[in-house]
Structures are given as C-alpha cells and as structure tokens.
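Asks: Sequence:
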Amino acid sequence: MKLDGKVAIVTGGSRGIGKQICLTFAREGAAVVVVARTEKEGQSRLPGTIHQTVEEIRASGGRAIPVRTDITVDEDVERMARMAIEEFGRVDILVNDAAANVNSSIADLPIKRWDLMMRVNLRGTFICTKAVLPAMMAQRSGNIICMTSIAAKRQAPPGEVCYSITKAGIELFCWGLAQEVKEYNIAVNDLYPTGGVTTDGFNEVFRNRTFSEEELKRRKTPEQIAEAALWLAQQDASTFTGHSVNDDEVRAFIEGRARP
1 MKLDGKVAIV
11 TGGSRGIGKQ
21 ICLTFAREGA
31 AVVVVARTEK
41 EGQSRLPGTI
51 HQTVEEIRAS
61 GGRAIPVRTD
71 ITVDEDVERM
81 ARMAIEEFGR
91 VDILVNDAAA
101 NVNSSIADLP
111 IKRWDLMMRV
121 NLRGTFICTK
131 AVLPAMMAQR
141 SGNIICMTSI
151 AAKRQAPPGE
161 VCYSITKAGI
171 ELFCWGLAQE
181 VKEYNIAVND
191 LYPTGGVTTD
201 GFNEVFRNRT
211 FSEEELKRRK
221 TPEQIAEAAL
231 WLAQQDASTF
241 TGHSVNDDEV
251 RAFIEGRARP
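For the sequence shown, this note's numbering assigns the number 1 to the initial residue and increments by one for each residue that follows.
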C-alpha cells in the first residue's frame, strides 16, 4: 500500500474532492482524520457528513476518525491536530481542501461573503497548517497539499474575483512555506484541477451558469483529483516540493510521459 503507516488529516472531508481523497488515502493504508463542519444531514444544503465518510472507510477495512472542525476557529483547529496525535500518534499528511466559494460580481458581493472566503480559504489554510507543523517538524518529515484552482492562473472570470484571489494567495503561501520547512523534510505543494470538478458543491455554486462545450469536456471527477493527491502525498522535500501542479501534469508523471 502506498501510504501504509501514514496518518493524514483531510479538511473538507464530508463531501466532494475532500471525501474522495479520504477514501483514496484510506484505501492505500493511511489512517485518516476526516475533518469538516457537517456532522448531521440537514446542517448543510449539501449532502454528506464526516461520519458518513468514516463509515465508508471503516466498512472497507480502513482506519478513520471524524473530527468536527470549523477551520475558521483557532480552538477547533488546535483540537483537530491534538486529536489526530492522541488517536494515531503522529501526523504525516495534511490536505487543505475545505473552501468557500460565492459566485458574485464585486459590485454585488456582500462584504460578509468576501470575509467568509478570506477566512475559510486563506486563514483556514494558514491555521490548519500552523497547527500540524510542530509535529511534522519534530518528526522531521511531512507532506502538505493545498487544493487551489485554475482560477488563480488567469484573469478571473466575472463572479470569481474573490475566490481567485484566495486561491492565488494559497499558491504563494505554499511556495514560501516550502522553502521554510524544506530542512525538516516537509514537502509543500498545491494541486489544482484543469477543469471544473463534478461535485455537489460545484453544481450548487454554478447552478445558474451555462458552460460551453469545451468547458464541459474539461470536467474532472473527484476520483481523478484524489489520485493526483495520492501521488503528491508520497513525495518528500527531496523529491517534489514548492510546486503548483495540476492533475493532468501529475497523471503524466505517473504514466512516465513527463518527469517531475
């Protein structure tokens, strides 16, 4: 198994890409700490809970615990890291997947929604990472994967300016952090899909948008993104760190069509 003996914390683990990363990592032997706010159906407009993800992992023979966490709350995040170490003894991998996205023009975007995206996407990524760094630095190994977006690579389309800013900020965060922790053998990379990913969250955010035929052709599945995350999770600071990489590029690495 590719992650045998590893312990992974995955935020946004109740649904979508985050859930699939949890399932994929568990399939490959990792013990998974499933992190999200949703504990019960009905707490969110979207389906999926941390307990459902854990049940699926355990039903397949894997190891996992649910940890209800609001990643904008410092105490919640500190508890998340503490529970992971208390249960499994270490933290090897952190996947920062949890995100907020409100599709709205700047003129129409309520300030509280701007603040929400900044708190969840940027600040949440920072405090989750900060919470696990002491353990990773002490064990002199670790792997941090931050989910970003192709929206950070181009002029933001109408309605996606704030979201694009947060994802571009995460890219810079990863780039700088990779240099700071390289001496501790901690790999830090960001992963972005080359197209929209078919999830309940994506469909909800863009429910009023019509996509072109070309955009539909570029659609990805959570499984495709999770396999790319799996490859990244196997790297260390000597093999692959400080990169912004997409799922197509990782697939080329896996298949030997390109070199990392």
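Rather than coming from a laboratory, the hints here were simulated on the basis of the structure.
One should not assume that every hint holds.
Said to hold, decoys possible - Calculated lysine-lysine pairs in the DSS-like style (CA-CA distance at most 27 Å, straight line):
id, residue 1, residue 2
1, Lys2, Lys182
2, Lys112, Lys130
3, Lys153, Lys182
4, Lys2, Lys130
To be verified - Simulated restraints, written as ranges between beta carbons of each label pair:
id, residue 1, residue 2, range
5, Val161, Lys2, 35 to 43 Å
6, Glu41, Arg140, 35 to 43 Å
7, Glu55, Leu109, 31 to 39 Å
8, Ser141, Glu78, 19 to 27 Å
9, Asp108, Arg259, 39 to 47 Å
All of these numbers come straight from a predicted model, not from anything done at the bench.
Just so you know, even glycine gets a beta-carbon here, dropped at the ideal spot from N, CA and C.
Asks: Do the Cβ positions of Val161 and Lys2 conform to the proposed distance bound of 35 to 43 Å?
Replies: Once the Cβ atoms are compared, 38 Å apart, the range 35 to 43 Å for Lys2 and Val161 holds.
Asks: Is it true that Glu41 and Arg140 lie within 35 to 43 Å of each other by Cβ?
Replies: holds, 41 Å
Asks: Is it true that Glu55 and Leu109 lie within 31 to 39 Å of each other by Cβ?
Replies: holds, 37 Å
Asks: Against the 27 Å threshold, does the CA-CA distance of Lys153 and Lys182 hold or violate the hint?
Replies: holds, 25 Å
Asks: Has the given pair, Lys2 with Lys182, been kept, meaning a C-alpha gap of at most 27 Å?
Replies: holds, 22 Å
Asks: 19 to 27 Å was suggested as the range; check whether the CB atoms of Ser141 and Glu78 agree with it.
Replies: At 22 Å between Cβs, range holds.
Asks: Is 39 to 47 Å respected by the C-beta to C-beta distance linking Asp108 and Arg259?
Replies: holds, 45 Å
Asks: Given the hinted pair Lys2 and Lys130, is their Cα-Cα distance within 27 Å?
Replies: holds, 26 Å
Asks: Regarding the pair Lys112 and Lys130, is the alpha-carbon distance no greater than 27 Å?
Replies: The given pair, whose Cα atoms are some 25 Å apart, holds under the 27 Å limit.
Consistency note: the structure conflicts with none of the earlier hints.
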